[in-house]
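Colleague: Chain by chain, the residues:
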Amino acid sequence: MLRYFAIRLFRALITIAMVVTFAFVVLRMSGDPAILIMGPEVPPEALEAFRKSWGLDQPIWVQYLNYFGAILRGDLGMSMRDNRPALDMVMDRIPATLALTVPALILKLAIGVPAGVWAALHQGTGFDRAVMVMAVAGFAIPSFILALVLVLVFAVTLGWLPSGGQGGVEHMILPVLTMGIGGAAALARFTRSAMLEVLGRPYIRTASAKGLPWASVVRGHALPNAAIPTVTLIGFLVGSLIAGAVVVESVFSWPGVGRMLVVAVGSRDLAVVQVILLLVAATMVTSNLIVDFLYGVLDPRLRQGARAA
Amino acid sequence: MADISAQAPFRLTLPRLPWYVWAALIWIVLVLVVAVFAPLLTPHPYTAMKLTNRFVPPFDRWTHPLGTDELGRDVLSRLIISVRISLLIAFGATLISAVLGTTLGFLAAHFRGWVEQLVLTLADFQAAMPFLIMALSVLAFFGNSLPLLIGLMGLYGWERYARVARGLAISANTQGYATAVTQLGAAPQRIYLRHILPNIASTLIVSMTLVFPEVILVESGLSFLGLGVQPPMTSLGNMVGYGRDYITRAPWIMLSPAVVIVLTTLAVSMLGDWLRDKLDPTLG
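Read top to bottom, the protein sequences are chains A and B.
Counting along the first sequence from 1, when you hit position 259 you're at 259 in the numbering used here, and nothing is skipped either side.
Counting along the second sequence from 1, when you hit position 277 you're at 1277 in the numbering used here, and nothing is skipped either side.
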C-alpha cells in the first residue's frame, strides 16, 4: 500500500517537473521576450537593461536552472505588465473562479451520477434514451455556444438574468448552468456505461441467484464496483475546474482565473501565464493523487495486488 | 461447401443503416462538398463590406439569405468560407495527430524498454493536462498563423493513437503473421507499415472519427476566444466570437455558424460511435 502511494507520488512530481519544463521551453524559446514586451522600436540599451533585469542575457541552461530554483523557492516572477508578483495576482482571482466552478461541480454530480445510474438500471426505457440523447447533445454543444444560447434566451429575450459581470447570485446562475449542464451530460453517459458493464458481470448474477433482493444487489455489489471508474472521471472534473472556466468566464466577463489567462495570453504576460499553467497542473496532479488514494479505499483488490507486488 | 451458382445475382442495394447514421452521413457529405467547392459557392466575396447594408436580417433579401453582419458582409458567404477553414484545420490536425501517435506507438512497441516508458509518460502527461490550457500558452508566445494552429491542434489526441497503436502492435508481434515476415527477413518498417498497420487500421480509423469532432470543438473554442484563426480570415468559432458582440441586435450573425458547429460535431461523433460499435466495441 505504501509502495503504491510512493510510486504515485513520484509520478505526480515528475508530471509537475514536466509542466515546468514545458512552460520554460514554450515561453522562452518562442522569441525574444524583451522585444515582445518592450516593442521593436525601443533603443537597444533599454532592451539590454530589460534582458539583464529578467536574467535573459544568460545561457539558456542557466536560465532553466534558475527558473527551476526560483519555482522551488515559490518565486514565480512579476507580471511584466502590472509589475506585481504574478502569484499574488492569480491568487486574488481564485475565489471568483471557485465561486462559479464549485457550484457547477455540485450541479454536475447531483444530476449526472443519479441520471446515469437510473438510466443503466432501466436500460432501453424512455428515460434511458432521454439521458443518452442529452449526453450526445451535451458533447456536441460547446460551452461557448450553450452560454450564448442561454444569454440569448434568459438575458436578451426574457430579461430575467444579467448577461455578464460580477454581482449578486443572479450573475452566477447562467455561468454555473453553462458549466453544469455540459458536465452533467458527460458524467451521466460515463456513469451509465460503467454501471452497465458492472451489471453484466457474473457476480451480479450470482448475487441475485442466491436470492438477494435486487435493491441490495444494486447497493451492495453494483454501485461500489461502478464507483471505481466514475471516481476517475470525477477526479478529472475536479482537476479541470480552472481549465473549464476559461471559456465560460470569458463569455460572462467574470473576473476569475480563466478570463485572466485569456487576457494574459492576449497581452503576452509571461509570468501570469506560467503561474496559471502551474496552478492548473498542480490541481490536476493533486486530484489524481486523491483519486489514486480513493482507489485504494474503494478497491480492496488493488491493496492486495500492491502488497503482492 | 457452398455452391457458387446459388449465390444471389449482384444487385446494387443501399446498405441498411440506422436513420441517424444516414442523416449524419448526408450532413457530412454536404459539409465536405461545401468545404471543397467553397470559393465557387459563395454568392459574395466573404470580405466584401457594404456599410449601407449592415445588419440585414436573414430571409429578408434574396441576395443575403442568411443576412449580413455589422460591416454589411454576407453571412452565408462567410459561413461557407468558415466551414472550409475549420474543416481544413480539423482534417490537417487529425491526420498529423494520427500519424504522430501511431508512429510513437509503434516505436514504443518495437523498442520497448526506456523508449516505451518515455512514450507512455508523455502520453500520461498529455492526457492529464487540459489541452486548452497548453494550447493557450503555446499560442500566447508563438503568435498565431494558420500552419502553427494546424500543427498545434495536431498534438490534440495523439496519446490516444499512441496507446492504441502500441497495444495492438505488441499483440500483433506475438501473432504468426508478424513473426513469419520477420523470419523472412523483412525490415521493421516494412513489417509495421505493410503488415501490422493494415491489420489495425480499422481501430485507428474509429479513433480518428472520435477525435475529429473534439478537434473542431477545441479549434472553434480557441477562435471564439480570439486566439485561434485571425481576421480577415474566418472560421466557425471566429464568427461566433465576433457575432457575440451583436447578440442583442443581430443574433443571426452568431447563430448560423453555431448551428453548423453543433450539427457537424454531432454528425461525426454519431458516425464514430456507430462505427466503433460495428468495428471495435472495446475502444473507450
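The reader is advised that the hints may include incorrect statements.
According to the in silico footprint, chain A covers these stretches of chain B (three or more CB under 8 Å from chain A) [claimed, not checked]:
hint: 1; region: 1015 to 1022
hint: 2; region: 1120 to 1128
hint: 3; region: 1221 to 1234
hint: 4; region: 1250 to 1261
Hints in this document: simulated from the structure, not taken from any laboratory.
This structure is a prediction, so every number in the text was calculated from the model and none was measured.
Beta carbons: idealized from backbone N, C-alpha and C, even for Gly.
Colleague: All hints, please: hold or fail.
Modeller: The hints, checked one at a time:
no.	hint	in the structure
1	1015 to 1022	violated (count 0)
2	1120 to 1128	holds (count 4)
3	1221 to 1234	holds (count 5)
4	1250 to 1261	holds (count 4)
Hint 1 alone, counting from the list given before, is not met by this structure.
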